[in-house]
Amino acid sequence: MQYKGRVWIFGDHVDTDAIIPARFLNVTDKKVFSENCFVDLRPDFHGAVDPGDIIVGGRNFGCGSSREHAPLAIKEAGISVVVAKSFARIFYRNAFNIGLPLLESEEAADVFSEKDRVLVDLGSGEIKDEEDTKRVVAKPIPDFMMEIVQSGGLVTYIKEKGDF
Amino acid sequence: MTNPMTITEKILAAHADRDWVSPGDLIKVQVDLALANDITAPLAIQVFYEIGKEGVFDPEKIVLVADHFVPNKDIPSARQVKLMREFALKQGLRHFLELRDGGIEHVILPEKGMVVPGDLVIGADSHTCTYGALGAFSTGVGSTDLGVIMATGKSWLKVPPTIKLVFEGELMHWVGGKDLILFTIGELGVEGATYKTLEFSGEVIKTLPMDQRLTMANMAVEAGAKNGIIEPDEITEAYIAPRTERKPTILKSDEDASYEKVLHFNVDGLEPQVACPHSPDNVRPISKVDQIPLDQVVIGSCTNGRFTDLEEAAGILKGRSAAKGIQLIVMPGSTLIYKEAIRQGILETLTEAGAIIGPPCCGPCLGGHMGVLAEGERALSTTNRNFIGRMGDPKSEVYLSNPAIAAASAVLGRIGSPEEL
Ligand code: SF4
Numbered sequence: 001m002q003y004k005g006r007v008w009i010f011g012d013h014v015d016t017d018a019i020i021p022a023r024f025l026n027v028t029d030k031k032v033f034s035e036n037c038f039v040d041l042r043p044d045f046h047g048a049v050d051p052g053d054i055i056v057g058g059r060n061f062g063c064g065s066s067r068e069h070a071p072l073a074i075k076e077a078g079i080s081v082v083v084a085k086s087f088a089r090i091f092y093r094n095a096f097n098i099g100l101p102l103l104e105s106e107e108a109a110d111v112f113s114e115k116d117r118v119l120v121d122l123g124s125g126e127i128k129d130e131e132d133t134k135r136v137v138a139k140p141i142p143d144f145m146m147e148i149v150q151s152g153g154l155v156t157y158i159k160e161k162g163d164f
Numbered sequence: 001m002t003n004p005m006t007i008t009e010k011i012l013a014a015h016a017d018r019d020w021v022s023p024g025d026l027i028k029v030q031v032d033l034a035l036a037n038d039i040t041a042p043l044a045i046q047v048f049y050e051i052g053k054e055g056v057f058d059p060e061k062i063v064l065v066a067d068h069f070v071p072n073k074d075i076p077s078a079r080q081v082k083l084m085r086e087f088a089l090k091q092g093l094r095h096f097l098e099l100r101d102g103g104i105e106h107v108i109l110p111e112k113g114m115v116v117p118g119d120l121v122i123g124a125d126s127h128t129c130t131y132g133a134l135g136a137f138s139t140g141v142g143s144t145d146l147g148v149i150m151a152t153g154k155s156w157l158k159v160p161p162t163i164k165l166v167f168e169g170e171l172m173h174w175v176g177g178k179d180l181i182l183f184t185i186g187e188l189g190v191e192g193a194t195y196k197t198l199e200f201s202g203e204v205i206k207t208l209p210m211d212q213r214l215t216m217a218n219m220a221v222e223a224g225a226k227n228g229i230i231e232p233d234e235i236t237e238a239y240i241a242p243r244t245e246r247k248p249t250i251l252k253s254d255e256d257a258s259y260e261k262v263l264h265f266n267v268d269g270l271e272p273q274v275a276c277p278h279s280p281d282n283v284r285p286i287s288k289v290d291q292i293p294l295d296q297v298v299i300g301s302c303t304n305g306r307f308t309d310l311e312e313a314a315g316i317l318k319g320r321s322a323a324k325g326i327q328l329i330v331m332p333g334s335t336l337i338y339k340e341a342i343r344q345g346i347l348e349t350l351t352e353a354g355a356i357i358g359p360p361c362c363g364p365c366l367g368g369h370m371g372v373l374a375e376g377e378r379a380l381s382t383t384n385r386n387f388i389g390r391m392g393d394p395k396s397e398v399y400l401s402n403p404a405i406a407a408a409s410a411v412l413g414r415i416g417s418p419e420e421l
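Residue numbers (our numbering), protein chains in the order written: chain A, 1 to 164; chain B, 1 to 421.
In short, the hints are calculated from the structure, not lab data.
Everything numeric in this text was worked out from a predicted model, so none of it was measured.
Incorrect hints may have been included.
Once the Cα atoms are required to be at most 25 Å apart in a straight line, the calculated BS3-like pairs of lysine-lysine come out as [what the hints assert, rightly or not]: (1) B:Lys395 to A:Lys139; (2) B:Lys28 to A:Lys161; (3) A:Lys159 to A:Lys4; (4) A:Lys30 to B:Lys28; (5) A:Lys115 to A:Lys128; (6) A:Lys161 to A:Lys4; (7) A:Lys85 to A:Lys161; (8) A:Lys31 to B:Lys73; (9) A:Lys159 to B:Lys53; (10) B:Lys90 to A:Lys159; (11) A:Lys159 to B:Lys73; (12) B:Lys61 to B:Lys82; (13) A:Lys30 to B:Lys158; (14) A:Lys85 to B:Lys112; (15) A:Lys30 to B:Lys288; (16) B:Lys288 to B:Lys395; (17) A:Lys161 to B:Lys158; (18) B:Lys82 to A:Lys31; (19) A:Lys161 to B:Lys154; (20) A:Lys161 to B:Lys395; (21) A:Lys115 to A:Lys85; (22) A:Lys159 to B:Lys61; (23) A:Lys159 to B:Lys158.
Turn these sequences into a full structure, and let the hints guide you.
Here is the structure:
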């Protein structure tokens with residue numbers, strides 16, 4: 001699975017309140033989540049994201065509450081994959097469960113800059129810019145998570161298999 | 001001969017139908033209790049229907065609690081709760097808890113005896129880790145995981161490595177579970193325990209009352225942990241005995257169980273701790289915190305909204321008054337606590353001191369409603385998170401402390417300790 005898009009750089013400890021503040025959680029409308037994704041932290045985000053774009057973050061991305069609204073907001077905004085130095089645990093499961101793939105890479109945040117155009121290969125974990133002057137290889141995605149992503153999320157996975 | 005295991009590994013093995021598990025194993029587990037709230041349940045219900053099952057795996061083992069935006073703050077919130085109520089009715093769920101007999105999920109599940117030692121509880125709320133205080137395995141997930149559990153009764157987990165924390169020494173006055181956990185988070189950092197278990201132990205924990213154990217396990221997730229856990233003992237058994245008929249499974253870590261790390265903390269001389277903006281690991285002893293002026297003080301939440309928390313705050317506020325300009329908001333953690341606090345005159349003491357008593361819900365903890373902060377405002381709160389914008393405007397500030405510090409600070413109008421009164 002390959003993705004192509006521009007890079008959006010984020011720092012360490014991006015929490016779920018920053019991704020989607022609690023005041024927008026009184027609905028289940030995904031559009032409301034995407035429209036308010038990073039509304040306080042990066043008001044320039046919504047409206048400027050192109051489908052396929054990639055987030056590159058630092059440590060502990062997605063820490064805080066268990067709200068699945070956070071990865072949903074990011075996915076609905078058009079982001080194809082989030083690369084970070086590390087992820088908070090619940091965010092990690094939630095993202096794969098809803099079909100938003102994540103890659104862990106220590107170097108990506110240091111190598112790439114905002115607006116770089118990159119290609120991401122999920123299978124090999126390779127992330128490189130179009131000119132192939134910058135390149136990093138992320139940790140491979142565990143087999144089970146890869147199966148979930150390939151199904152498009154946990155719901156379709158369960159529907160296909162009937163169980164785990 | 002089986003391999004030595006920690007209490008967490010033993011509970012996971014038992015629910016995965018295996019003799020033993022070790023860290024890193026990916027296992028499928030049978031869930032004893034599944035939980036969701038008015039934020040996460042509506043999405044989980046959607047997921048449940050998408051899977052295409054008619055009925056839930058067991059209507060006795062699913063708990064839905066309306067606690068975040070109740071009493072409904074607006075029309076969309078009302079719709080979410082209505083959706084939960086209808087789902088609960090249609091599926092014949094035994095436990096759908098609204099304010100009348102409810103409160104905050106992590107306060108009422110232990111209170112009503114829904115969790116016993118040895119259980120495996122999964123909730124669509126990050127603070128589900130609270131029940132580790134009862135010697136259960138409990139952890140937070142998102143709505144999709146929960147929808148799948150409602151349909152199948154099962155989930156997948158990776159067996160976490162355990163960090164054992166041994167607390168020794170003697171606690172000073174005004175120092176308790178909240179200070180121990182804030183101190184621990186300060187030491188470990190907000191990702192110091194990511195994907196891991198925190199096992200709290202040592203002589204200090206052995207004598208710590210259940211309310212304070214619940215406070216500690218509650219905030220394990222603030223260090224990134226999957227679960228926090230305390231071996232069940234007489235205090236645990238005395239706590240659950242009057243609350244349920246269910247038989248607990250008392251498990252303990254083997255002497256030779258393997259830990260990723262064992263950390264010893266001597267608590268002699270440990271002061272009350274305060275987490276400063278904007279992270280729960282930005283922790284300092286009270287003496288090292290400046291005299292920060294405040295606009296609001298909040299006492300409540302799934303961390304410190306229990307009876308003994310209100311009692312402690314009332315002890316300090318009795319005959320005193322919150323400083324001018326301070327909004328002192330007290331939110332009992334459950335309706336039962338609310339009633340008991342009325343009966344014992346605690347709410348009267350608090351209101352005499354200028355406190356506003358809120359309904360037993362999450363309230364200002366997540367900046368949803370009731371006590372939202374404006375730009376530049378500053379709050380001291382007994383809750384668990386102080387991220388940017390957590391309680392309102394991104395330019396507001398939140399400090400975290402125990403209830404005694406919060407009560408004293410309300411009187412002082414700035415952050416301070418009961419010793420100063
Ligand atoms: S009191 Fe706060 S932390 Fe606890 S469940 Fe409610 S919103 Fe979450």
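For each hint, the structure was consulted:
no. : hint                 : result
1   : B:Lys395 to A:Lys139 : violated, 37 Å
2   : B:Lys28 to A:Lys161  : holds, 14 Å
3   : A:Lys159 to A:Lys4   : violated, 29 Å
4   : A:Lys30 to B:Lys28   : violated, 30 Å
5   : A:Lys115 to A:Lys128 : holds, 13 Å
6   : A:Lys161 to A:Lys4   : violated, 30 Å
7   : A:Lys85 to A:Lys161  : violated, 32 Å
8   : A:Lys31 to B:Lys73   : holds, 21 Å
9   : A:Lys159 to B:Lys53  : holds, 10 Å
10  : B:Lys90 to A:Lys159  : holds, 22 Å
11  : A:Lys159 to B:Lys73  : violated, 36 Å
12  : B:Lys61 to B:Lys82   : holds, 20 Å
13  : A:Lys30 to B:Lys158  : violated, 29 Å
14  : A:Lys85 to B:Lys112  : violated, 41 Å
15  : A:Lys30 to B:Lys288  : violated, 44 Å
16  : B:Lys288 to B:Lys395 : holds, 23 Å
17  : A:Lys161 to B:Lys158 : holds, 20 Å
18  : B:Lys82 to A:Lys31   : holds, 21 Å
19  : A:Lys161 to B:Lys154 : holds, 14 Å
20  : A:Lys161 to B:Lys395 : violated, 48 Å
21  : A:Lys115 to A:Lys85  : holds, 19 Å
22  : A:Lys159 to B:Lys61  : holds, 22 Å
23  : A:Lys159 to B:Lys158 : holds, 22 Å
This entry does not satisfy hints 1, 3, 4, 6, 7, 11, 13, 14, 15, 20, going by the numbered hints stated previously.
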